[in-house]
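Visitor: This is what each chain is made of:
There are 2 protein chains.
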Amino acid sequence: MKTEEEIKIPNATAKRIPLYYRYLKTLQESGVERIKSKEFSQLIQVPSATIRRDFSHFGELGRSGYGYDVSYLIEVFSNILNTKVEKRIALVGAGNLGKALLNNNFRRNENLNIVCAFDANPEMIGQKINGVTVRPMSDMKELVRKEGITTAISTVPSSHSQEVVDQIVDSGITAILNFAPGRVKVPEQVKIQYIDLTTELQTLIYMDENFTSRKHFNFSNQD
Amino acid sequence: MKTEEEIKIPNATAKRIPLYYRYLKTLQESGVERIKSKEFSQLIQVPSATIRRDFSHFGELGRSGYGYDVSYLIEVFSNILNTKVEKRIALVGAGNLGKALLNNNFRRNENLNIVCAFDANPEMIGQKINGVTVRPMSDMKELVRKEGITTAISTVPSSHSQEVVDQIVDSGITAILNFAPGRVKVPEQVKIQYIDLTTELQTLIYMDENFTSRKHFNFSNQD
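Respectively, the protein sequence lines represent chains A and B.
Residues 0 to 222 (numbering that gives the first Met the number 0) make up the first sequence, in order.
Residues 0 to 222 (numbering that gives the first Met the number 0) make up the second sequence, in order.
Be aware that one or more of the hints could be misleading.
Identical copies go unnamed one by one, so any copy, or any two together, can satisfy a pair.
[Unchecked claim] Using 30 Å as the maximum straight-line C-alpha spacing, the simulated DSSO-like pairs for lysine-lysine come out as follows:
| id | residue 1 | residue 2 |
| --- | --- | --- |
| 1 | Lys35 | Lys14 |
| 2 | Lys140 | Lys127 |
| 3 | Lys127 | Lys145 |
| 4 | Lys145 | Lys184 |
| 5 | Lys14 | Lys24 |
| 6 | Lys140 | Lys184 |
| 7 | Lys14 | Lys37 |
| 8 | Lys24 | Lys184 |
| 9 | Lys184 | Lys35 |
| 10 | Lys37 | Lys184 |
Treat the hints as calculated values from the structure; they're not laboratory data.
Chain A extracted, bound-state conformation:
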């Protein structure tokens, strides 16, 4: 395997690695040991030529007629995704969802750790949840610097989302996972990702209604 330092990866390839990693993990969990670029292409909706070119950056990974070794690829991508270095996370919003995240605290992934929690509600301040004390928003800037935190998870509802995200950005955090689906403005150097449960559920129900019972549509088999 080439070492990280030796690998020169185009931007577009690098952006696809989390997608590859996610689906390879799913395949592995389903017991799949190897996969051809064509099958993988159908699964993830990326052209197989793109997949082969992307994978070629990481050395000799596939063999014609055999396909790619799933666990080997996971190892390579896991190294690239740097999943073994501890990431220190701040939680903003310690309501029911925040509590659920703190209690779970990504326990199956040693490298992901929520180390601080913040809330605007005075009644929440000082509560200890799974070893983490809830602090006032005004402490965020100082604690983020002191604890070396670069990532935040916000469970604050849409109505206060922009306001809270502004405070998170002001504290120096550059990566935000936001459970309020309404889009907020962040500076260019800040990465924000949304968890939109409503859209996930709508997609699921739509797929169930139309691809199981075929009640609502006149589906043809073309395409």
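Starting from the known structure of chain A, fit chain B onto it as the hints suggest.
Guide: Just chain B, lined up with the frame of chain A:
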């Protein structure tokens, strides 16, 4: 606009509608009023020829040089996704995450309603959360039929995920949103979707580290 009954949509097109809908909503929330197939293609990573062919099934939607009207497309796809008919949902697992979902109960979407909640923990049974009473798992089959429920959300951890999903399937439910990311087995006619917060967070951190500071990689601009 063509009515639903008149539209004949190929399977492959139908499967892309939730993706189109999701991104168009995002564009709308960001203030974008129209979009060209080429720009949309770059955003969602679907070839622009595919997008134009897909959209052509819904009548005259785009004009050369002008692009597509975002709010019109949202209206068309919203009708197709049938977002105005009430969907009755069962929640399985009334812990912190379950409580958070019940308290929110998709309030911004009138058509999505959690109408029942179930838990295996005797201490939870009988508790009322946002108007919904938590019931024992043994009541599920009967209530699902009585209440006309077709969709379930499971917040049960991975360790009991397969067991609970089996019970959900046995009750007659055909669509499951699962917050335990470990893959479980379901019959072919059952649709299951996973919310994998760990992977979402890893992707976010990876994008932040590599596309902001460019510390770890030697990115080139090729591709």
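Visitor: A separate judgement is required for each hint: does it hold in the structure or not?
Guide: Outcome of the hint check:
1. Lys35 x Lys14: both (21 Å within a copy, 23 Å between copies)
2. Lys140 x Lys127: This pair counts as within: shortest intra-copy Cα distance 20 Å, inter-copy 38 Å.
3. Lys127 x Lys145: Within one copy only: 20 Å inside a chain, 42 Å across chains, cut-off 30 Å.
4. Lys145 x Lys184: Only inside one copy: Lys145 and Lys184 sit 26 Å apart there, 45 Å across copies, limit 30 Å.
5. Lys14 x Lys24: For Lys14 and Lys24, the Cα distance is within 30 Å both inside one copy (17 Å) and across copies (23 Å).
6. Lys140 x Lys184: Within one copy, since 19 Å is at most 30 Å while 45 Å is not.
7. Lys14 x Lys37: Both. Shortest intra-copy (20 Å) and inter-copy (19 Å) distances satisfy the 30 Å Cα cut-off.
8. Lys24 x Lys184: So Lys24 and Lys184 pass the 30 Å test across copies only (16 Å; inside, 32 Å).
9. Lys184 x Lys35: between (41 Å within a copy, 23 Å between copies)
10. Lys37 x Lys184: This pair counts as between: shortest inter-copy Cα distance 24 Å, intra-copy 39 Å.
Hint compliance for this structure: no hint is broken.
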